[in-house]
Amino acid sequence: MTSSAETYSHTEQEIVVLMAAWQMIDDMVNYMMFSKVHKTEEAILLFETSIHQRLFNILLVDFLSKPSKVPPFCLPVADGDAKSDHTILFYLKRICDAPLLNTSSATLLKPVKAFSNWLEGECHVRDVYLPAINFNGDLKMKRITFIKICGDIAKHNFLRLEDNVKRLKNVLADNKIFPERQKLFLALSEFYDWFHDDIFNYHGTTIAEHLNNIRWGIYEYLSCEFRRSFELTSRDPWMYKYNYPLSCTNPVAMTMYWDLMNHMLHEPYFPKFTTTKWLKTRY
18 MTSSAETYSH TEQEIVVLMA AWQMIDDMVN YMMFSKVHKT EEAILLFETS IHQRLFNILL
78 VDFLSKPSKV PPFCLPVADG DAKSDHTILF YLKRICDAPL LNTSSATLLK PVKAFSNWLE
138 GECHVRDVYL PAINFNGDLK MKRITFIKIC GDIAKHNFLR LEDNVKRLKN VLADNKIFPE
198 RQKLFLALSE FYDWFHDDIF NYHGTTIAEH LNNIRWGIYE YLSCEFRRSF ELTSRDPWMY
258 KYNYPLSCTN PVAMTMYWDL MNHMLHEPYF PKFTTTKWLK TRY
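Take the sequence shown: its position 262, counting from 1, is numbered 279 in the working numbering, and each next residue is one higher.
Heads up, some of the hints might be wrong.
Derived lysine-lysine pairs resembling PhoX-like cross-links, with alpha carbons at most 20 Å apart [unchecked claim]:
| no. | residue 1 | residue 2 |
| --- | --- | --- |
| 1 | Lys159 | Lys297 |
| 2 | Lys83 | Lys56 |
| 3 | Lys100 | Lys186 |
Think of the hints as simulated: they come from the structure by calculation, not from any bench.
My request is simple: use the sequences and hints to build the entire structure.
Pasting the structure below:
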């Protein structure tokens with residue numbers, strides 16, 4: 018938690034959020050997590066192993082979680098009606114509403130809104146079988162809901178799944194299903210088998226595309242700031258420095274700014290790509 022004596026300017030907050038988002042996406046969308054992309058149009062990304070798929074789900078839930086009850090770096094509490102407004106996407110939208118490191122946020126706003134809308138979209142899965150609660154039928158829920166349930170199940174042991182029992186109970190109630198609460202603990206693993214092993218795997222390429230587009234959006238958004246900031250101080254040996262924004266004086270923010278600009282020394286290693294239409298027709 019940030020000390021009450023510390024203050025962060027709006028520019029410093031923007032730097033922190035952009036660095037955090039970029040780093041988290043780098044951890045998820047890379048050539049260790051996925052097999053190398055052989056084409057960038059109508060692409061299908063394959064997780065290296067089922068363990069990589071599980072890790073991707075866990076990291077994605079971290080990306081889609083609130084920082085804390087009291088956000089660090091003097092950031093405001095994420096607020097909004099949509100579930101995606103209670104994630105780092107809220108802070109990225111906030112940057113887009115009042116950009117400070119560029120005069121235009123269009124390249125970042127588009128992918129952020131696209132991913133938010135996708136997460137809020139409804140997943141409709143037919144013939145779901147959960148024998149623990151004697152259920153066999155259709156289920157509807159927001160995509161962000163099953164992603165977070167599956168990610169938490171993947172991360173935590175059986176004794177730390179109380180919150181997921183509540184989430185599953187709410188999902189079932191929304192679908193007019195009211196099983197005994199004790200049986201929901203047994204149904205969690207069955208839910209995971211359906212929605213992580215099948216549905217999440219199906220959406221893996223689409224999710225990676227959204228995240229990759231946000232990463233490229235950040236890169237393009239920061240291009241003007243990088244050109245302003247970068248200064249070559251020596252050619253032999255090759256040395257450089259960055260000229261910090263005037264309102265970036267906090268040592269932590271300055272370190273993050275340096276790291277952020279170092280990310281700008283080259284394009285993201287993972288190329289832009291589009292998901293095959295066959296992975297966008299279901300769920």
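Status of each hint after checking the structure:
{"no.": "1", "hint": "Lys159 / Lys297", "result": "15 Å, holds"}
{"no.": "2", "hint": "Lys83 / Lys56", "result": "35 Å, violated"}
{"no.": "3", "hint": "Lys100 / Lys186", "result": "17 Å, holds"}
The structure fails hint 2 only (numbered hints given earlier).
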